[in-house]
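Trainee: This is what each chain is made of:
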Amino acid sequence: MPEGITFRFEVDGSDFTSAGQASVQVKKNLRQLGIDPDIIRRVSIAMYEGEINMVIHANGGEASVTVTEEAVEIVLIDHGPGIKDLSLAMQEGFSTAPDNVRSLGFGAGMGLPNMKRYTDEMTVDSTVGVGTTVRMKVKL
Amino acid sequence: MTVDGLLELGFTAAALPDGKRQLEGVYIGDLLSWVMGRASADYAWITIMSNINIIAVATLADTACIILAEGVTLPKDIIDTANSKGVNILGSELPAYEIACLLYESLKK
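From first to last, the protein sequence lines are chains A and B. Residue numbers 1 to 140, in this note's numbering, belong to the letters of the first sequence in order. Residue numbers 1001 to 1109, in this note's numbering, belong to the letters of the second sequence in order.
Extracted from the complex, chain B is given alone in its bound form (with noise of 0.2 Å):
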């Protein structure tokens, strides 16, 4: 499934510049070193960090989107740097346990 496909889910576009890209599977965490240390390339990552090192954090461990979990936003500046880096994210009115439900039914298929 493409990062793109996860906007039929209901999930919200707040960057979007590389839609095409492949998801594997899923990561929680809002510890930076800690995602970095344990999420592999090419999942999704949910978190409820919002400031700019999320973007760093996304580039290197090369993470297919970010999924901001709780209605959590980000101010435009970010929003800027995320889509001029390549950088997926999404949104979500949900909980990180019930994103990381619907994306593993999603993940299954």
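Isolated chain A, as found in the complex (with noise of 0.2 Å):
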């Protein structure tokens, strides 16, 4: 497969009961190309991670995951409101999300660090009142 097969999905950004359904998803197909438990793991958990970025932050986003034979790519595009501070956002336990978001056990600003700790390439592309555009690559 020289170009690789593509899923997209629409991160619906009004319900935290629905989040997480891309990632499942997608980790369902990854099983099903027989890719290494291991690698699905770290994909579904950045994943995931980005999908309740996109909710929580980002009023929801569109994400797409490409599986080529040297690696598993994952794109997250949102037009939120973008990050004003990149590295300050990558610190572990940094977050700006609301109270409500805090008391599902959301919140705990290790989203964007695990995201990085899960994956070997993380760029993030943000523009305040704009958006924001995270691209990862977990290799095989």
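No lab work stands behind these hints: they were computed from the structure. Treat the hints with caution; some may be incorrect.
[Claimed, not checked] In the DSBU-like style, the derived pairs of lysine-lysine whose C-alpha atoms are separated by at most 30 Å in a straight line are:
#1 K137(A) with K84(A)
#2 K1085(B) with K139(A)
#3 K28(A) with K1020(B)
#4 K116(A) with K1085(B)
#5 K1085(B) with K137(A)
#6 K1076(B) with K28(A)
#7 K1076(B) with K1020(B)
Given two chains presented individually in distinct reference frames, assemble the corresponding complex, making use of the accompanying hints.
Mentor: Right, here's the structure in full:
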């Protein structure tokens, strides 16, 4: 598969109860492709964190996952408020999530750090007032 | 030890769609990202969180089961979701520390 296989998802920004649907679906799809379980775990956790971020901060967005022979690549695009200070956002424990989100067990300031921890490459392009694009790669 | 085996230790089953799963360790936590970052696959995850997102976290982190401490219970729709997603959920009146002590003794054997 030289071009790879791509799965695309809309992330619904209004609903915490459905957050994670795309990640769980990706997990299933990767399992069907026979990908190593540890790789699947890393990809699906990184993607879930990204999904939750889009629900908390950006009213949803788009996610795509491409599987090639070398890697699994995840691209998350939102048109939310953007990230003012990326180095601060990358620090474990830093969060701007509101209290109602924290009461659900989110907002620990671990989202972006976990995404970095579980992937081999991650880039974040964010412009305040325009949106954020996160690209992550897990090598096979 | 399997998740099924926990019933003999006095845990109650809220959802047990995959009771044959092997338990390899224990993680305690209520912050979901923290749990996803630190809990290993095949661990029992002890928590007092009871919202629907625990099902996704258990699925993605691939924990062997969720154990709800301190008598926390779940609404039926969450239990139904757990059953349909293959996520084991047990309950106990004990606090997290005492549950972990019980599991420690059992996992040692």
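Trainee: Next, verify each hint and record whether it holds.
Mentor: Taking the hints in turn, this is what the structure says about them:
1. K137(A) with K84(A): OK: K137(A) and K84(A) at ~24 Å, within 30 Å.
2. K1085(B) with K139(A): holds, 27 Å
3. K28(A) with K1020(B): holds, 20 Å
4. K116(A) with K1085(B): holds, 27 Å
5. K1085(B) with K137(A): Measuring from Cα to Cα gives roughly 27 Å; hence the hint holds.
6. K1076(B) with K28(A): holds, 25 Å
7. K1076(B) with K1020(B): holds, 23 Å
Violated hints for the displayed structure: none, as all numbered hints are satisfied.
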